[in-house]
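For the protein sequence lines, the chains are A and B, in the order given. Just so we're aligned: the first sequence equals residues 1 to 251 in the numbering used here. Just so we're aligned: the second sequence equals residues 1001 to 1437 in the numbering used here.
No lab work stands behind these hints, which were simulated from the structure alone. No experiment lies behind these values; they were computed from the predicted model shown. For glycine and all other residues, C-beta sits at the position ideal for the given N, C-alpha and C. Don't take each hint at face value.
[Claimed, not checked] Label-pair restraints from in silico Cβ distances:
1. Q1080(B) to G177(A): 46 to 52 Å
2. G96(A) to D1123(B): 53 to 59 Å
3. D1086(B) to G197(A): 50 to 56 Å
[What the hints assert, rightly or not] DSBU-like cross-link-like pairs, simulated, lysine-lysine; straight-line CA separation at most 35 Å:
4. K16(A) to K1319(B)
5. K10(A) to K228(A)
6. K1359(B) to K1338(B)
7. K1168(B) to K141(A)
8. K1319(B) to K1359(B)
9. K1359(B) to K110(A)
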Amino acid sequence: MLEINNLHVKLEAEDKPILKGVNLKIGAGEVHAIMGPNGSGKSTLSYVVSGRDGYEVTEGSASLLGQELLDMEPEERAAAGLFLAFQYPVEIPGVGNMTFLRTAVNAQRKARGEEELSAGDFLKVVREKAKTLKIDAEMLKRPVNVGFSGGEKKRNEILQMAMLEPKMCILDETDSGLDVDAMKLVADGVNALRDAGRSFLVITHYQRLLDHIKPDVVHIMAAGRIIKTGGPELALEVENNGYADLLAEVN
Amino acid sequence: MAAPARKDAAREAATEARLAAMDLPKGGFTTMARAAALARVRAAGLPSKRDEYWRYTNPAELTVADGPEAALFAGQVEPQLFGARDRLVVAFTDGRFDAERSSADLALEGVEITRLAVADAVDLHWARDLYGALEADGQQPVVRPLAALNTAAATDGVLIRATGRAAKPVHLVYYHESTTSDAILHHCIRIESGAELTLLETGPAAARFSKVMEVDLAAGGRFHHVRAQGRDHSRRAITHIFTRLGAGSQFKSFTLTANGVLTRNECVIDIRGDGAVAHVAGAALGDGATGDFHHDDTVFVTHDAVGCESRQVFKKVLKNGAVGVFQGKILVKQGAQKTDGYQISQALLLDEDSQFLAKPELEIYADDVKCSHGSTTGAIDDTALFYLRSRGVSREDATALLVLSFLADAIAEIEDEGLQAEIVTRLEGWLARRRKG
Ligand SMILES: Nc1ncnc2c1ncn2[C@@H]1O[C@H](COP(=O)(O)OP(=O)(O)O)[C@@H](O)[C@H]1O
Ligand SMILES: [Mg+2]
């Protein structure tokens, strides 16, 4: 599904390397988790893969279902099936959440040569998916993420994911700032989307999200590299011992 | 604030040259007002770019005896804005009343409506105390000679007196069909105690257009105003709104300007009665690629009563060398306690060639007031742009959404949601025409 080879990335503005040779291979239907201390480059990885400006790839490659990602515009990557749930979802005043969702869904359908959803069909699907995420009609009408609580913003990300039905979903700290109930809601939303043809990369700080979204593979990232890869037990090890031992082991 | 315009020989010569080229109507009930206005023009002289009040906008094309020609709009014609609504239409083509395009009968429940050119044949009319009166008041503390010139020279306009709740909106539609038209219209509107009127205005009006609208609100009167200044690229316009608010009255005005080589919209708000509310807002979009664009909003709000609220919300989207200007002032007089004054002017620059010049001012002589003003200039937010694109929205569509997002606060000042929606549709059209591919 997603294949990242020896990815080196630096900031465009300053000569600061952030990713220093990341390798990652996620098969179809798999769930991978990336854990790692703050500042290790997890968000950067998700941004570079989804096409944000401001980063320069100095070496390496990334592909989605065999398609080279790094030459594509962000919207092309989205149409190809990539989705990033943001660590900090962006507020867009004056643009209704519903308008935003419909614009996105139809833009992707158009890019794939599919017919646009009619307003009626769209509404039906949104309402149904919103309901399972406990997103009420009021939240759908409000401007995108404006005045949403932290939990509401994260649930709104999952709603977008559910509507767009991507193949490769990257979740960047979707659990941060959520209480247990909200986290369960988000995890249920993610689990409902698990499918043989859909893969997930779950970036998180804490093991607790991984109790709800069970990963197949866990990676530990530090200082711009994946320093260790293992099964779910690796997450437990981090939970119990912190990163210090792992870092020491590598050094 | 600027002192009265300096007297000088060049200014005097320019003023006389302009007056000599005009056919000043003698007027009926307006005779005295016109003569007084002419005296004001001569006393102040026409403005020049050396005047402080015209520092950011060169008035030369507005004052010169023969206005520059303006090509007619060549783009695809859209259905008329507000055209599907039930309303009373008064149409002017190049400044002349156009009976064919107007409603058959200028009668409307709750409203008396006459044309200035018709009413001005006689000496007595309710508008006699209003015509030129608010304009004259508005010459302090800053002179506005072009408004006085309008009072002296207006050839037509409408006189509207709302005595109750108007059964439907009055829609002034301005057509521009001559490349050399130089139109001068003057409207007087009186909203009697407790009465209510919605006034719509659309269209470019003329190659060069001068318009003054005086709006007098008695206690508890309500006035809603939504205008769109047409899509013509090369027209010039100088417009003034002078309004006086009685106790508990409400004035709300919104203007959409897309295109136009030169536009200066002045709004002079005089809050006289306690508990009155005045909101004035504007959304302007200019793309220098389709003709020069210079757009100036100049607002002066005077609070001279207790417990009143004023809001100014102006947004400009500028591209390809377009220029936006905002001069806005809130003056709170002594004794105008519990004033709530708010002013925001913001520009979204879609490239580095465009510029926004803002001069926000507060002058406060009362101690128990809440006044704020802010002005910002910025570009499209990269993070928001990326967020939208990461959802599959193209760069062009994402930019359009963010432009609408930027303008939303100004549009929200329109009270009627249906009118809001029509304005948004127009904006979407403007943006769609500027998308690549
Ligand atoms: N736009 C940026 N400007 C400056 N520094 C950045 C920028 N993006 C990332 N960094 C730096 O790169 C490193 C990795 O950041 P990030 O990818 O956000 O880490 P994580 O998500 O693992 O906490 C940090 O040192 C961070 O300060
Ligand atoms: Mg991060």
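Hint check:
Separation of Q1080(B) from G177(A) is about 50 Å and conforms to the stated range, judged on CB atoms against 46 to 52 Å. The hinted window of 53 to 59 Å between G96(A) and D1123(B) holds, with their beta carbons roughly 56 Å apart. Between D1086(B) and G197(A) the beta carbons are some 54 Å apart, a value that agrees with the proposed interval 50 to 56 Å. As the CA atoms of K16(A) and K1319(B) are separated by approximately 34 Å, the hinted pair is consistent with the 35 Å bound.
The straight-line distance between the Cα atoms of K10(A) and K228(A) is roughly 22 Å, inside the 35 Å bound, and the hint therefore holds. Between the alpha carbons of K1359(B) and K1338(B) the distance comes to roughly 25 Å, so the proposed pair stays at or under 35 Å and holds. The suggested pairing of K1168(B) with K141(A) holds, with an alpha-carbon distance near 30 Å, which does not exceed 35 Å. A threshold of 35 Å between alpha carbons decides the hint, and for K1319(B) with K1359(B) the separation of about 21 Å falls inside it, so the pair holds.
The hinted pair formed by K1359(B) and K110(A) fails the criterion: a straight-line CA distance of about 45 Å is larger than 35 Å.
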